[in-house]
Amino acid sequence: GEDVEQSLFLSVREGDSSVINCTYTDSSSTYLYWYKQEPGAGLQLLTYIFSNMDMKQDQRLTVLLNKKDKHLSLRIADTQTGDSAIYFCAAYGPSNDYKLSFGAGTTVTVRA
Amino acid sequence: GAVVSQHPSWVICKSGTSVKIECRSLDFQATTMFWYRQFPKQSLMLMATSNEGSKATYEQGVEKDKFLINHASLTLSTLTVTSAHPEDSSFYICSARSVYSESYEQYFGPGTRLTVT
Numbered sequence: 452g453e454d455v456e457q458s459l460f461l462s463v464r465e466g467d468s469s470v471i472n473c474t475y476t477d478s479s480s481t482y483l484y485w486y487k488q489e490p491g492a493g494l495q496l497l498t499y500i501f502s503n504m505d506m507k508q509d510q511r512l513t514v515l516l517n518k519k520d521k522h523l524s525l526r527i528a529d530t531q532t533g534d535s536a537i538y539f540c541a542a543y544g545p546s547n548d549y550k551l552s553f554g555a556g557t558t559v560t561v562r563a
Numbered sequence: 200g201a202v203v204s205q206h207p208s209w210v211i212c213k214s215g216t217s218v219k220i221e222c223r224s225l226d227f228q229a230t231t232m233f234w235y236r237q238f239p240k241q242s243l244m245l246m247a248t249s250n251e252g253s254k255a256t257y258e259q260g261v262e263k264d265k266f267l268i269n270h271a272s273l274t275l276s277t278l279t280v281t282s283a284h285p286e287d288s289s290f291y292i293c294s295a296r297s298v299y300s301e302s303y304e305q306y307f308g309p310g311t312r313l314t315v316t
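Line by line, the protein sequences give chains A and B. Under my numbering, the first sequence has 518 at position 67, and the numbering climbs by one with no breaks. Under my numbering, the second sequence has 261 at position 62, and the numbering climbs by one with no breaks.
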């Protein structure tokens, strides 16, 4: 099956940019997603990228995909306190029977 | 758009009783719904996948007789935890995929916190 890995923690100063990294193992993954989870809540879909794209930008969010290295990143510009949450990377592809494979989640803490 | 609700948001039940959790897609039709379980400070563990009108497909190690899933319509799936025990206490999250989705994204509900005493 697919393995998705993320660093566990990120601390960032308010106003700075945050970069969350993710690696995956299945080169045939077709879609990659970023979800945000706040305490006690479900997951909110932030953005996704198709595997034939290198970059996708949506307001403060920029997703970069390096398909050769199987590396995905999420950049949050001008990070705010409301961005403090757990961010999950997920991959969709054949190696997990077309079910989402999630990373362990990166806890982002925004400090004043 | 793409809102998924769950009910109840939290429930406390006694050991041996059954609990039903509802998952609804409010503004879209979902061919496929998923049920996850999440332990504290951990990622999501897929329990089962259900398609409307057919039997759910359970992940390895998940007891289908204990976790009954019904996907009766394109907007409603239910998870019933039968004969609940304290080890079933967890955060249960459902998600749904739209019939019209071209990018296979899943939309998640807010989760249900189950505590079995």
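Treat the hints as calculated values from the structure; they're not laboratory data. Be a bit skeptical, because a hint or two may be false.
Unchecked claim - So the derived list for chain A, only partly shown, Cβ under 10 Å to chain B, looks like this:
1. E465
2. G466
3. Y482
4. Y486
5. A492
6. Q495
7. L496
8. V561
As the structure is a prediction and not an experimental result, all values here were calculated from the model. Ideal Cβ placement from N, Cα and C applies to all residues, glycine included.
Now the hints, each set against the structure:
For E465 (chain A), the shortest C-beta to C-beta distance to chain B is roughly 24 Å, which exceeds 10 Å, and the interface hint is violated. For the restraint placing G466 (chain A) at the interface with chain B, the shortest Cβ-Cβ distance is roughly 28 Å, beyond the 10 Å limit, so the hint is violated. Interface hint status for Y482 (chain A): upheld, as the beta-carbon distance to the closest one in chain B is roughly 5 Å, under 10 Å. Taking 10 Å as the C-beta contact cut-off toward chain B, the hint placing Y486 (chain A) at the interface holds, the least distance being around 7 Å.
Interface hint at A492 (chain A): satisfied, since its Cβ lies 6 Å from the closest Cβ of chain B, which is below the 10 Å cut-off. Interface restraint check: Q495 (chain A) against chain B, minimum CB-CB distance 7 Å, threshold 10 Å, status holds. With its C-beta approaching chain B no nearer than about 6 Å, L496 (chain A) sits inside the 10 Å limit, and its interface hint holds. Because the smallest distance between the Cβ of V561 (chain A) and any Cβ of chain B comes to about 19 Å, over 10 Å, the interface hint for this residue is violated.
In summary, the numbered hints that this structure violates are 1, 2 and 8.
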